[in-house]
Amino acid sequence: MTAETLEAPAVAAPSGTPPHPAREFWTYFSANRGAVAGLVVIVLVLLCALFAPLIAPHDPDMTNNAVFLKPPFWQEGGSISYPLGTDAIGRDILSRLLYGARLSLVIGIAVVALAIVVGVVLGLIAGYFKGIADIAIMRFMDILMTMPSLLLAIVIVAILGPGLMNAMLAVAIVVLPHYVRITRAAVIAETSKDYVVAAKVSGAQTVRLMFSEILPNCAAPLIVQATLGVSTAILDAAALGFLGLGAQPPTPEWGTMLADAREFVLRAWWVVTFPGLAILITVLAFNLLGDGLRDALDPKLKR
Amino acid sequence: MLRFILTRVSLVIPTFIGITLLAFFLVRLVPGDPIETMAGERGIDPARHAQLVKEYGFDKPLLTQYGVYIERVVQGDLGKSIVTRENVLSEFGQLFPATIELALCAILIALIVGLPAGIIAAVKRNSIFDHGVMGISLTGYSMPIFWWGLLLILLFSVQLGITPVSGRIAVQYFIEPVTGFLTIDSLLAGDIDAFWSALSHLVLPAIVLGTVPLAVIARMTRSAMLEVLGEDYIRTARAKGMAPIRVVALHALRNALIPVVTVIGLQVGTLFTGAILTETIFSWPGVGKWLIEAISRRDYPVLQGGTLLLGMVVMSVNLLVDLLYGLINPRIRHAR
Numbered sequence: 001m002t003a004e005t006l007e008a009p010a011v012a013a014p015s016g017t018p019p020h021p022a023r024e025f026w027t028y029f030s031a032n033r034g035a036v037a038g039l040v041v042i043v044l045v046l047l048c049a050l051f052a053p054l055i056a057p058h059d060p061d062m063t064n065n066a067v068f069l070k071p072p073f074w075q076e077g078g079s080i081s082y083p084l085g086t087d088a089i090g091r092d093i094l095s096r097l098l099y100g101a102r103l104s105l106v107i108g109i110a111v112v113a114l115a116i117v118v119g120v121v122l123g124l125i126a127g128y129f130k131g132i133a134d135i136a137i138m139r140f141m142d143i144l145m146t147m148p149s150l151l152l153a154i155v156i157v158a159i160l161g162p163g164l165m166n167a168m169l170a171v172a173i174v175v176l177p178h179y180v181r182i183t184r185a186a187v188i189a190e191t192s193k194d195y196v197v198a199a200k201v202s203g204a205q206t207v208r209l210m211f212s213e214i215l216p217n218c219a220a221p222l223i224v225q226a227t228l229g230v231s232t233a234i235l236d237a238a239a240l241g242f243l244g245l246g247a248q249p250p251t252p253e254w255g256t257m258l259a260d261a262r263e264f265v266l267r268a269w270w271v272v273t274f275p276g277l278a279i280l281i282t283v284l285a286f287n288l289l290g291d292g293l294r295d296a297l298d299p300k301l302k303r
Numbered sequence: 001m002l003r004f005i006l007t008r009v010s011l012v013i014p015t016f017i018g019i020t021l022l023a024f025f026l027v028r029l030v031p032g033d034p035i036e037t038m039a040g041e042r043g044i045d046p047a048r049h050a051q052l053v054k055e056y057g058f059d060k061p062l063l064t065q066y067g068v069y070i071e072r073v074v075q076g077d078l079g080k081s082i083v084t085r086e087n088v089l090s091e092f093g094q095l096f097p098a099t100i101e102l103a104l105c106a107i108l109i110a111l112i113v114g115l116p117a118g119i120i121a122a123v124k125r126n127s128i129f130d131h132g133v134m135g136i137s138l139t140g141y142s143m144p145i146f147w148w149g150l151l152l153i154l155l156f157s158v159q160l161g162i163t164p165v166s167g168r169i170a171v172q173y174f175i176e177p178v179t180g181f182l183t184i185d186s187l188l189a190g191d192i193d194a195f196w197s198a199l200s201h202l203v204l205p206a207i208v209l210g211t212v213p214l215a216v217i218a219r220m221t222r223s224a225m226l227e228v229l230g231e232d233y234i235r236t237a238r239a240k241g242m243a244p245i246r247v248v249a250l251h252a253l254r255n256a257l258i259p260v261v262t263v264i265g266l267q268v269g270t271l272f273t274g275a276i277l278t279e280t281i282f283s284w285p286g287v288g289k290w291l292i293e294a295i296s297r298r299d300y301p302v303l304q305g306g307t308l309l310l311g312m313v314v315m316s317v318n319l320l321v322d323l324l325y326g327l328i329n330p331r332i333r334h335a336r
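Residue numbers (this note's numbering), protein chains in the order written: chain S, 1 to 303; chain U, 1 to 336.
So here's chain S without its partners, still in its complex pose (with noise of 0.2 Å):
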């Protein structure tokens, strides 16, 4: 869907029949096998989600007294009704992770959303009228900007309280600038083309000109920001459950897991292992995706 509407009004015909922007679009990204790996991943993490409770085996909060840390099926011990093992209170890691799949993907996209909404606002108001609004909205950003990522979502959290929300909330704030950014630098290269100025002389409204004229043609670098923005979300929100700042217990989040699971790292391995390696497929695919996404999406990169 998003493919088209960035495409669309980009390309000039040039003699021949140009391809349609969609086609010519997939044929770049499926020749990127890594992004399409990337892609099927996060379809699989995706599927994960949504009917974790028709695969998952158990309830994954309910504890079991009689399976405390009991190891994955194919180790001594284990048992195929807990594939993966369990946790130090019996829980089932597998039903856990599926359930933390759906957190996962929330904090991901909500944070992106979020940053991208105030960011895209922001970056137009600067890049269309300059001046004054420009320098304050800059100078803010890079105040943000100075700060290491994570000590500031540490400082907003210990602010706010920790908490699934808020940590968001902390996060979406320090991944703001770059959505600030890459909105106003594309705003300031569109707005002196012909088509805006064609606009502006028949008669377009302010608030139409930002919106429904510059905004879509500066898409393609958000789409792309925006793909790498959820692992860096997803990163983060973890690095915070694990600090104890995000997602509190028994809340099944990735990083709180892992957090739990610290002082068992010298008895069992699984309930150390598995959590950060739902985190790192994750963020690998959408790494890849978003490194796809920007090879086929940039002109400057075409051949």
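No lab work stands behind these hints: they were computed from the structure. Any given hint might turn out to be false.
Said to hold, decoys possible - Partner residues aside, some chain S positions facing chain U, computed with beta carbon under 8 Å: (1) R139; (2) T146; (3) L150; (4) I154; (5) A158; (6) A239; (7) L243; (8) V265; (9) V272; (10) I279; (11) L284; (12) N287.
We put the CB at the ideal spot given by N, CA and C, even for glycine.
Please build the complex by placing chain U on the supplied structure of chain S, with the hints as guidance.
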């Protein structure tokens, strides 16, 4: 050049004010009464409460409070820790060398591995080695380093028993601090056993902290090299019959290193972020662990002072990198 330096330095002022504002409001934005928050669950009697309100200046207007705060900061007074009753600045000073030692070793590992890997990947473009390096570095870039640290502990400390799990040095050694870097101080003291102990404590955390910068450096080196290798002057050098190794090492690398140096400078923020996690996992007694502990103890002066100091360190390093960059590359200096 002077103009470039002055412009760049003047840009630091708003950032400095921003960081102090952040640190200043940190304590005041916490919901509830700050004195009661600091007192914690023990509670506090009204007389002592009134006295503390006066002592901290919470009864004055916000702008006056900020003015007083700035005055103190400039004089180096960042308050006292609620828990240890020690001066925040001197606590930071004691712990900071540990973080720097860790961060320097991490960036060293990242450079030693990342630079050659990126160069070879670019020279042997599309080879198996290239794909391998790119795959591994993307994995490193996506790595949740808190988990990576636990995995390495699992392998090297638990399974193989090679490295210790936590701390900076075995307890039996006491090294008089000179530089604050235990590896160097133990060598200065001539204590080889202590040196090995310090080094074995340092290896795993440094690898963990170096992972993300390594991935970034390898990727950046590769793409910078690829760009430079396509330039005309490289073709000329090759056409003149210059040995391939000379072309790469002498002509291409020099220009390719410029963007890489910038990226290394920009990794400082990443390093401090990573240090918070790495120090927590390995109980490394640095400023990252100190800050996290301050949060759980609600030690707001430490959190406030630590945030300010770390922010200023990152700000200064960024400034330094920018100035150096202007020194190396005249095009930057004369822009605008």
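To see whether the hints hold, each was checked on the structure:
1. R139: holds, 5 Å
2. T146: holds, 5 Å
3. L150: holds, 4 Å
4. I154: Hint holds; S/I154 Cβ to chain U Cβ min 7 Å, cut 8 Å.
5. A158: OK, holds: S/A158 within 8 Å of chain U, min 5 Å.
6. A239: holds, 6 Å
7. L243: holds, 6 Å
8. V265: holds, 6 Å
9. V272: holds, 5 Å
10. I279: Given a least distance of 5 Å, the restraint on S/I279 holds.
11. L284: holds, 4 Å
12. N287: holds, 5 Å
The earlier numbered hints are all upheld by this structure, with none contradicted.
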